[in-house]
Amino acid sequence: MKALQWQGVNKLAVGTVPDPELRNPGDIIVKVTKTVTCGSDLHLIGGYIPFMEKGDVLGHEFLGEVVEVGPDVRRHRVGDRVVVSSFISCGNCWYCDQRLFSLCDNGNTNPAITETLWGQAPSGCFGYSHAMGGNAGSHAEYIRVPFADVGAFTVPDGVSDERAIFASDSASTGWMGADLGGVQPGDVVAVWGAGAVGQMAARAAELLGADRVIVIDRLENRLAQVRQHTGAETLNYESDDIAGELRERSGGRGPDVCIEAVGMEAHSPGVQFGYDQLKQQLRLQTDRPVAVRDAIHAARKGGSVFVLGVYAGFVDKFPLGALMNKGLTVRGAQMHGQRYIPMLLERMAKGELVTEHLATHVMPLDDAPKGYKMFKEKEDGCVRALFVP
Amino acid sequence: MLLIVGPLAAGAAAAVAAKRSGRPTTRQRHVITVYRPLSELEVTQLPGSLKEIADRVEIRLAAAPGGRGTEIAVRIPDGSEVTDGEVRRALRETRSLLEAGDVLLPSGPPATTPTLLNRPLQTVTQHGREGGLL
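Top to bottom, those sequences are chains A and B.
Residue numbers for the first sequence follow the numbering used here, so the first one is 501 and each next one is one higher.
Residue numbers for the second sequence follow the numbering used here, so the first one is 1283 and each next one is one higher.
Chain A on its own, in the form it takes in the complex:
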């Protein structure tokens, strides 16, 4: 079958790979009908997460049709249109029972790498390096989905592919930031990053009752999408005084909840970016934590900061003093898709959650290398490139 493969740092190519097989009795095989880029893929492509092998298939946010089911599968049958959580979870361990699905104890076949790096291993993810299980990704004609009764969800008839696909990861991630960040009615919420995840976090905060939601980015086309599709306010960090504006728009208190949806390749104006970029390129730190620093500094006393952006290892100049002395709660997580996808599909069906606009560029899988280039360089206003295998 055809698939988009990682061929080396900043090298992608569409090639031919073996068709996936059922390996466990709870597996299904899905014919991928839509699969979409994610900002976190750029960390793999750029070599910032060095656990890729030449030939690995990328992609973790997708939707498709069930074409084969294992003997233990009960909730799905051939022909079902399903959206699949990007993280693979067994549904039966203590973490799954706590609905912390991306921390599943049984979904990563290579726990040694992340356990050594971080002390404990999170679960596995599709198309996201051998540290996350080495699972083949979704930028392919077919994909194997383990623990399908837990991680695959039938899409309601009234929800389009272009809407439902974002329940797979972006909408789940964004919702988790607002939910586990503790957004309450009346809150002021600030979101760093106006990509798909940031937009979904902003929309989630609104639906959870936030009084004001403010999204921060530098790309005007993305900020325009925020204003049009989520109703949130926007700030451009290249022209606005972010700290001052957030303080003013929250009555001098600072935002109650700050959601960081940027990740390890953050940009910023001024010397801070140069400093972080230099240290990252010299491998003296793995991540550029600009947005996390800003979020911690901006948050109100006793407020919360939720880190949604993907980080790999270690950062410099972390504002531990502000965190401690302001009494902040800082949380982070890979997304617990199984916890949110059924609710998100219901909201999508009711029109409360609109996502089609995120897929700004739709193209055949053959053009995926070009799609990633556009996505990375933000060419032509690309927010997400969606591939049709």
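Hints are computed from structural coordinates only; laboratory data are not their basis.
For glycine and all other residues, C-beta sits at the position ideal for the given N, C-alpha and C.
Watch out, some of these pointers could steer you wrong.
Stated by the list, open to error - If you only want the chain A side, here are some residues facing chain B, beta carbon under 10 angstroms, derived:
no.: 1; residue: E553
no.: 2; residue: T614
no.: 3; residue: S739
Start from chain A and add chain B according to the hints.
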């Protein structure tokens, strides 16, 4: 990358240094928590690869606090040929069998191409359940 690979390399270097210094490189004791009540488990009835090494190690079960299930502790006796890696793999596989009823297999068939740069990573992933800190 240096900072990511660093801890892994440091672990390997520490093991080599310990071996040269004469200190034991094995932990001898490993423990895992399984989300099943103690009342459902018996040392002699544990499934999977833990059963295969059960006569060469010491296994103890204890209730985990807060309803978290059962702690399975394995000690490798002096003179046993069982390795830390075998115990880690056995504990992980047994937990998965008890909790999920199955042990997840890697994707397949592989789409990757062996290269010189891939080799260290492939070595690690071929023994993915044997390494780590458990």
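Hints and how they fare:
no., hint, result
1, E553, "4 angstroms, holds"
2, T614, "8 angstroms, holds"
3, S739, "34 angstroms, violated"
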